Amino acid sequence: MKLYCLSGHPTLPCNVLKFKSTTIMLDCGLDTTSVLNFLPLPLVHSPRLSKLPGWVSKDGSANLEKELKECAGRVFVDSQPEFCLPERELLDLSTIDVILISNYHCMMALPYITEHTGFTGTVYATEPTLTIGRLFMEELVNFMERVPKAQSATCWKNKEMQRMLPGPLKDVVDVWAWKRSYSIQEVNSALSKVQLVGYSQKVELFGAVQVSPLSSGYSLGSSNWIIQSHHEKVSYVSGSSLLTTHPQPMDQSSLKNSDVLILTGLTQMPTANPDGMLGEFCSNLAMTIRAGGNVLVPCYSSGVIYDLLECLYQFIDSANLGTTPFYFISPVANSSLEFSQIFAEWLCHNKQSKVYLPEPPFPHAELIQTNKLKHYPSIHGDFSSEFRQPCVVFTGHPSLRFGDVVHFMELWGKSSINTIIFTEPDFSYLDALAPYQPLAMKCVYCPIDTRLNFHQVSKLLKEVQPLHVVCPEQYTQPPLTQSHRSDLMLELQPPPMPYRRCSVLNLPHRRRYERVYILPELANSLVPSEIKPGVSLATVSAVLHSKDNKHTLQSVPKPPPVAPSKKRKRVLEEPPAVLAPKTLLSGAVPLEAFLATLQKHGFTEVKVEETADGHILHLQAEDTLIQLEEDGTHIVCDNNEPLRTTLRDLVLRFLQKL
Amino acid sequence: MDRECALLLPGVCAVLAGSGSSLPDDTSLEKLLDWFTGITEAGGSLLEACPCLLKLISTVVHNAASDPGVLSFALRLTGLLAATEESFKTIQEHSVLNEVFNLQHWQEAGLWEDPCLRIGWIQGLRSMLQHPNALSFFVQSEFIDPLLQLQTDTSLFIAAAANQMLAHILLFFQPVPPAGCKGVDKKEKGDGMTPSSADYTAVVKSISGYLQESLVPKESKNVRQSLQTLKLLALLLAQAGPPLRDKLLQTVGDSLEELVTAGSSELTLPLMDVILSACSSSGTDERITRLLSSMLNINKPADLIHAAAAFLRRGHHDTVHTARAVRILLLPLDIMTGQTLLGTISTADEHQFSVVEQLKSKSSCISMICVCLSNTPQITLTPPDVLPCLPVSIVTAVLSLLKICSGNSPSSSTGCSEVSRNVIGSGKVQKCALEALTSLTSSPGAKERISEVFTVLIQYLENPDSDPTVLHKSYQALLKWTSVCTDFSFITDQLRHDLVEVVKKRVCDMRWEVKDSTVEFLGHLAGVCDSIKAAAEECDASEALLGGCSTTPLLREALQDSESYVRASAISALAKTLTHRWQQGATLTEEEPEIVSRLLEILSQDSEGFPRRAVVQYFISWYSSHSPPSSSSSSSSSSLLMQSVRSVLSQGRADLDWEVKVHTLVLAELLLDEAFSGHPGYKKGSDSHHASPHAYSVVSESDLAVVVEQGVVSVLLSGLVDCDRPVALKACRLLITLRETVCPLSLGALDASAAMATVSCELPGCGWGREIIKILKMKKSDQAKEEDIADQRGLNGAEEGGDSVSVCEALRSLGLDERMEVLTQSSDHIHNSPLSLLQDILTASATHTKPGEEVIVDCY
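Protein chains in written order, with the UniProt record's numbering: chain E, 1 to 658; chain D, 1 to 860.
A few of these clues could be false.
Computed list of lysine to aspartate or glutamate pairs in EDC-like fashion (alpha-carbon distance at most 16 Å, straight line) [what the hints assert, rightly or not]: (1) E:Lys-442 with D:Glu-258; (2) D:Lys-779 with D:Glu-818; (3) E:Lys-547 with E:Glu-521; (4) E:Lys-442 with D:Asp-498; (5) E:Lys-179 with E:Glu-87; (6) D:Lys-218 with D:Asp-246.
Cβ pair distances, simulated, as ranges [what the hints assert, rightly or not]: (7) D:Pro-115 with E:Lys-459: 42 to 48 Å; (8) D:Ser-354 with E:Gly-276: 32 to 38 Å; (9) E:Ser-458 with D:Asp-246: 44 to 50 Å; (10) E:Lys-58 with D:Thr-486: 30 to 36 Å; (11) E:Ser-486 with D:Asp-246: 20 to 26 Å; (12) D:Ser-489 with E:Lys-58: 52 to 58 Å; (13) D:Glu-608 with E:Ser-385: 25 to 31 Å; (14) E:Asp-275 with D:Glu-448: 53 to 59 Å; (15) D:Thr-486 with E:His-349: 46 to 52 Å; (16) D:Thr-587 with E:Asp-275: 20 to 26 Å; (17) E:Arg-511 with D:Arg-224: 58 to 64 Å; (18) D:Pro-115 with E:Ser-486: 40 to 46 Å; (19) E:Asp-431 with D:Glu-608: 57 to 63 Å.
Derived from the structure by calculation, the hints contain no laboratory data. Predicted model, so just to flag it, every value in this text is computed and none were measured. All C-beta atoms, glycine included, are put in the ideal place defined by N, C-alpha and C.
Start from the sequences, fold in the hints, and give me the full structure.
Next up, the structure:
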């Protein structure tokens, strides 16, 4: 059992598990933090961004004025943003049989894996994962294609050049592997390979293993996976949550008794409690609105935003925000809000039961009905005519590099009465804000990450008790900035096996058993004999038939009756190589009784020597040795076959025959 | 005992003697006993007044079918009757005593199993044991052994009562200490009261023998007995005079030592109680001191901390042990925070090692740290030579602990990380530490750390994970530290900015508790600032803390809050914030009229009582702190006030909430005070209805007219007929004060009223107006009957309803004094009278004997 680790990002994993004869990819997350090195893509011409000075090295030797721009002491690539893909050189991606997706955040690299690599397998995901994942991909493509960039900067990637660059750009690795966004055709093609599965549905892979998704409680349709054969069980835990938010609660009990548990997707904010952050979000929002400012919330178009809207729905009245407009701007805003209402079976019990009332499960429907929440595909069109301030705007992308959020940053950034509230934990807010400096706007960082924290995960592991745990190396030590917080790491016995990008782990689990079926008629013919109470043995002669990784013992075909008339070659008339099997022996030779027997049969001069494993009997007159050991008896005599046979028969008297 | 009761009592006794099952409810016997106790305590002799009681006792005791409850009652009654020597003799002559307390009899009858009877037996004896004869009886009857057995009775109540009883015997009858010696406080005993020393010695011998024997548990399951015995010993030692105390200590000394050595966790605290009681009474007994030292050296860290805390709580001034206790309590803090509170611990201390081990477990860590924290304020107040460090280091340690708790401690912190992780995010420790920090303001040198204190507290307010109660405690700590601060120069712009921002944020919090605490804080801060201002004119705390940020807009916003508590707190906070301006007679700000109109809106429309009460109180504090209009600048303020007070009076009067009405009456009282304060007949304070009348002073008519015009008289009259007793009572008192001021009854009716007759008050034709008219008419007709004069003066047109009435006439004719008498009695005074009790018992038994009729008794 081997694990190939193609991504080093703990919450955007991409691992490949080789288990029995199958090759299974677990998630294919796309690390988008690379876009922070690029200049934002403004929807409307931004004089500020276009006037940024080009970068020239101090000695003037490197001139990348066209490709690199400088803003507030940092250098950004002026080109279409690029993403850091999972490692593609570690193993041949065309050999992958299946890809299991755990949630819509962890499938953004799918087109890079399934297209142009020779991939011919199947992708398994739940329905909401596919639907919302598609929305996310479409949104990404839309954001990029809406603002086409003529040039594509590549000179800076030159090794010699990169070495001279300042700041974070100098240190990024594998820049040549960075890729621009995929196209909508690639998205469609990749997603056409997805096969839908439901929670606890068992999918057979080539008869060798069975995979099954379990609810993980993190987002709509998010799943953990069980990969098991008859005798081995591997659990893949990715992005799980024990908080009661909108999704169905996490199924913990099915994870019990795993041989290996691969643990990824823990919270990125172990010190920020989601409840506290939600409170912080609301109070900062109210504070800004009361002071007449606008609030900008950079966010993804699905997920936490549902909880934010629900929380605001309750908060609006108590904070007297009844008249403040809330805008949700995204090319997929409408679909996201509407899809969320139809996935009733994937929601928490509370919301499921609302469907029978009948009421929409999420209260954002009421916000829309009462005109408190309005959604638009983009800032162009209807929005510009209905836009009223002060207001609250939810829009993407949380990296602040593309999407409508860029426009609001340019619009509101200069005034200190406005506030930007970061709720997505994926990007460092300081890095996200870097190309907008100097900024007067107030910044509030309340990352809401509902995934498991260390406290919860150690409780969970105590509960489900896997034999081995594999996790990203980041989880095995406290965060760099809080090295004294030993409570912010995994402490397990035995210690977890850490992995990093490009690791290949030999999972410690050894396969020891295989299930073999036996046909009824063959089973009938067996003659078991009890060798110790409760344990019976029988020998079996059969033909092992293996197909689709299933093994069956079938009766040995009887030799065809010899045709009486025709004479055949002698060779053919010989029975085929079906020899009667030798009898098997069991039991132990009792020393005293054996010595007595030897005596009776005339072997008088016997010297007994004790060894580590048993005894050596030296028949001095015959110059012969009998080694009696726990699992074997050897008679060593020189060229005296009759003597050996006599001795052998004496030994056999003491053993049971099967 | 009044005649009526005395007449009913024999009947009641008959009922009780018959069968107890017909009692109206199970509290009647208790009530009856309470009544008897009251009579005895007042010095009356029950036996003389009701000889039937003795008969009752003897009948009940001999009746095999008596209810255990009634039996228990009989036992206790006997004790009560036998409490004086005289009655004791009488009872003994009737040979009732032996029968009543005859243990063997009860055991044979199988009644002893009933806890009711056992407690009756103990309590009966306890009441009786007030004189030497009783003690002799007790000793001769050999009751001491059964009583000792009851000390470990299965019923906790019985066991506790037995313990009390044992203590009572030893303490009550101990020989009177020589004069000048601080002994037990008891009545002086005559010669005849001194118990025969033989009896007392016998009792002391048995009890101390028992103590010695039962103190050390023979098996682990006997811990309960040790526990009880320790409790008894603590009771005894706390009050015993020297001879008894020495005798006791001598007897139990060895056992105590054995217990200390055994070191059972369960017994640590009771044992400590005993040793400390012994310590405080015996002073410097060497053995006790040694025991104390051993207790402060036991090797179970958790027990040790509790023992040390118990020692400190008692406030002993023994330097050696105090120093030891202080070190024990500071050690966990030292380990966790890495602050060297104990100096360098030179001996690689085994104790320290075991404390660290203990602290690694989360639950014991939290409980130990909390004990340490709650003792820190007291530790800092111990004399400097006892402290291993400066008090200010303890403040620093508490601050470090607070930082660790919130996860904000710097990585360089030298504390034990394996230990400190146990308290990260623990609300319990946070609350404890904040409480400690609040009390630490009074520690010497604490003010040196004030800047750090503010930083940490603001961090706590800022922390998104802080629990509402933690935030509340942080605010309290901040206020306390502000109140002791005289120099605000340490407040940096950053600190000020942070505080302003966090307060602004917290008033928008999702949780109403947090909003409420924040709003409350703003109010209290204004109050604290005022008091500081009064002390030192030049420093302005509010300015220093919040900069130029005015809190009024935040509070005005909170007036709109959806939670009634927040609205109420905002109103009180506004009042506190504005008090200073009112006192100075400052000009009206632009926002004040807006606030006032919002407040009146709340008073008239809010569905919850709290905000409405707060509104009336707002005007009370405005009215009581405003300065009379001296300059034109403040006249606008005064006229706004008077105008709103009128609305408050008329709306508050009609409110549904009785507290709003009472507050409205308080406001009315303030107006009365102002109107008549110059008048010698007027006494401030509503309980002044006994003020002596001043025949010569006549209040000017205009003063009364003003009060009427303000609506004060209407408020008082409507209050008088209110169905809520506190409202009616308050109104009645005020009306009497008013009457004594403007038209005292002692003056001739014609005399006084003549001047005032012209001042009249409008009465509405419905509601309270009609009630008042009804009363007046009734009084009138009574008067008419008596005097046969149809005097219609002052009531012209009142019969038709909805008209005016002469104030003086009303005041004189409303029968205020009789009303007052009725109102001062509690509403259930009739139901609670002994007469009613006796009647109930009789009635219940009467209905009980009539079959087919069921009586449902409402016992509340």
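Evaluated hints:
1. E:Lys-442 with D:Glu-258: Distance of about 69 Å is beyond 16 Å: violated.
2. D:Lys-779 with D:Glu-818: The hint holds at about 12 Å.
3. E:Lys-547 with E:Glu-521: Between Lys-547 (chain E) and Glu-521 (chain E) the Cα gap is close to 20 Å, so the pair fails against 16 Å, i.e. violated.
4. E:Lys-442 with D:Asp-498: With a Cα-Cα distance of about 14 Å, the restraint between Lys-442 (chain E) and Asp-498 (chain D) holds, given a limit of 16 Å.
5. E:Lys-179 with E:Glu-87: holds, 12 Å
6. D:Lys-218 with D:Asp-246: Judged against 16 Å, a Cα distance of about 25 Å means the pair is violated.
7. D:Pro-115 with E:Lys-459: 42 to 48 Å: holds, 46 Å
8. D:Ser-354 with E:Gly-276: 32 to 38 Å: Cβ of Ser-354 (chain D) to Cβ of Gly-276 (chain E): about 36 Å, so the range 32 to 38 Å holds.
9. E:Ser-458 with D:Asp-246: 44 to 50 Å: Violated, at about 59 Å.
10. E:Lys-58 with D:Thr-486: 30 to 36 Å: violated, 55 Å
11. E:Ser-486 with D:Asp-246: 20 to 26 Å: violated, 56 Å
12. D:Ser-489 with E:Lys-58: 52 to 58 Å: With a Cβ separation near 46 Å, Ser-489 (chain D) and Lys-58 (chain E) fall outside 52 to 58 Å, so the hint is violated.
13. D:Glu-608 with E:Ser-385: 25 to 31 Å: The hint (25 to 31 Å, Cβ to Cβ) is violated, given that Glu-608 (chain D) and Ser-385 (chain E) are roughly 43 Å apart.
14. E:Asp-275 with D:Glu-448: 53 to 59 Å: Roughly 37 Å apart at Cβ, these two residues miss the hinted range, so it is violated.
15. D:Thr-486 with E:His-349: 46 to 52 Å: violated, 59 Å
16. D:Thr-587 with E:Asp-275: 20 to 26 Å: With a Cβ separation near 46 Å, Thr-587 (chain D) and Asp-275 (chain E) fall outside 20 to 26 Å, so the hint is violated.
17. E:Arg-511 with D:Arg-224: 58 to 64 Å: Roughly 60 Å apart at Cβ, these two residues keep to the hinted range, so it holds.
18. D:Pro-115 with E:Ser-486: 40 to 46 Å: violated, 55 Å
19. E:Asp-431 with D:Glu-608: 57 to 63 Å: violated, 49 Å
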